[in-house]
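J.: As a plain string of letters, each chain reads:
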Amino acid sequence: MDVLAVDNIKKSFRREISLARKEVLHGLSIYVNSGEILGFLGPNGAGKTTTIKIILGLIKPDSGEVKIFDHPVGDRRAMSRIGYLPELPYFYPHLSLEEFLTFCGQMSGMERRVLRHRVDEVIRLVELADHRYRRLKDFSKGMIQRAGLAQAVLHDPDLLILDEPFSGLDPMGRIQVRDILLGLKDRRKTIFFSSHILPDMEALCDRACIINEGTVVRWASLDELTRMGEGKIEVATRYCGADVLEDLTDYVESTDSLGDESFLVVKEQKYLRTVLMHLLNNGAEVLRVENRHPSLEDVFISEVSGVRKGRDGDGMKQPDRTLLQEG
Amino acid sequence: MRRVSSIALNTFRESVREKLLFVALIFGGILTLSTYLLSPLAVGAKQKIVTDVSLASISILGVLAAIFVGSTLVRKEVDKKAVFMVLTRPVSRLQYLIGKFIGVVMAISLLVLVMTGFMVLMMLIGKAEFKPALFVAVYLSALEITVMCSVVIFFSTFTTPVLTLLFSMCIFVAGSLSGDLLAFAQKFGGAFTRIMARAFHYILPNLGIFNLRHEAVHDLPFFGSDVALATLYALVYCGVVLYFAYLIFRRREFI
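Residue numbers (my numbering), protein chains in the order written: chain A, 1 to 327; chain B, 1001 to 1255.
Treat the hints as calculated values from the structure; they're not laboratory data. There may be inaccurate statements among the hints.
Stated by the list, open to error - Straight-line alpha carbon distances no greater than 20 Å define the calculated SDA-like cross-link-like pairs of lysine to any residue that follow: (1) A:K22 with B:F1254; (2) B:K1076 with A:E23; (3) A:K60 with B:F1158; (4) B:K1081 with A:Y90; (5) A:K185 with A:D223; (6) B:K1019 with A:H94; (7) B:K1081 with A:E87.
For clarity, every value in this text was computed on a predicted model and none was experimentally measured.
Take these sequences, add in the hints, and give me the full structure.
T.: Okay, structure coming up:
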């Protein structure tokens, strides 16, 4: 049984002023297995938040079906097993952290005694014990994000849906949230989270679903994600003759020159030593060596161009469900 | 039921912590106290002035506070997405709306209670006699405010706070006059006007039935059956309006 099954959903919104509708999701299908962390990757405007809102019943799809633990969206049995953290969360500013978590627990139908115990536990988990009685209006952005995570895990849900959980966090906060999520994974909780930051995906996900313009453009396994996130090594050099660069064509992907400076992108890590030795032996000056991680835009440009090519040719095929589940 | 009461308590807490309610409270207090200064101007009618101004303050300030507080509560939660914290849990949209409604009613009831306290204090200072009609008038004002709370919640499910405020004000004025308008139309209007007046009379809240101020001020008799009927009317009207609010809110998409 899939923990979450989103089957061929379509959604369009009416444009402002005009009566015409713009389709933002074009038959999107996602299946999340029990106990896995699935990353939902896409640029701004790809349809990530719309998909999440459909899953949670905040928006209705035009067509298609969503099942959570085999129940339809909005079913109490399903909703009580979901923990949700919205993007840029806003919580009741007039409440203290403790009051807010108690309120969330009551909404989830938790028993009073269990709730009191869990509130203590999650406040410690997100390291906000010193701010327990402070009103949320006085919280920083990072603290709000942690309070959001606390309310999402409060009722010990089986499925966590997190919309950009790392936004607004400092490096320490990011590590802390990663550790919390990995701890939940160890407890066989299923996590579905959206992000547009590749390193977050690499660090956490078992699989990733990459979407663009309301369509799944690719399913990536952890290996593929790691490969996507691997950097390219760029060597900046000065006083390097054209003949020297020509000798390196087997080892470098591309070269670029500006004045007496040249920039070489090394094909693979293993060729770096050869390239550097060759440059130094031929009188070139090495200015710097940098490992450049590809931005999400770089990944999308390559993925999306692939999709467009597919559409222009045979057309984009719907992902095969069995293959997807194998990951 | 526990979820509804939690939402109501949270709404009550939010409303009480809103400065607007305190402004209304201070304003009502000043108004009631001012009657003590004004009363020497009306020779022999000191008691009537205190009662009249106090009851009018409770009714008008209570309704205004309900409109101002209620018009922003639902919409603010939707706009700021705080509503997601509730609706993504096993809570129905009907439970959410009823909780919000009860919370606003509780907050405004507190305002009414404190303002009634001011009135009683003024009457004690003036050594006035307490008549049952006085407290029945306060009770009916509270019912009137409750009906207006349901109207405000209804508008706030689909329109902006400014329009909610405007529509609710219009409904309050029209509702206060609906009985008079019907009587006027029956006497002087044509067939169409009479039908329209009757239709509006049934659709708009008939707030006239909650007005017992005249009887309370002039110590006139009143019927218990009228009070019971007004109570029943308020319950039914609130139920119907909240049901329509739910029908709209149920279809709402949180983009």
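J.: Compare the structure with each hint and give your call.
T.: Hint by hint, here is what the structure shows:
{"no.": "1", "hint": "A:K22 with B:F1254", "in the structure": "17 Å, holds"}
{"no.": "2", "hint": "B:K1076 with A:E23", "in the structure": "28 Å, violated"}
{"no.": "3", "hint": "A:K60 with B:F1158", "in the structure": "17 Å, holds"}
{"no.": "4", "hint": "B:K1081 with A:Y90", "in the structure": "6 Å, holds"}
{"no.": "5", "hint": "A:K185 with A:D223", "in the structure": "18 Å, holds"}
{"no.": "6", "hint": "B:K1019 with A:H94", "in the structure": "12 Å, holds"}
{"no.": "7", "hint": "B:K1081 with A:E87", "in the structure": "10 Å, holds"}
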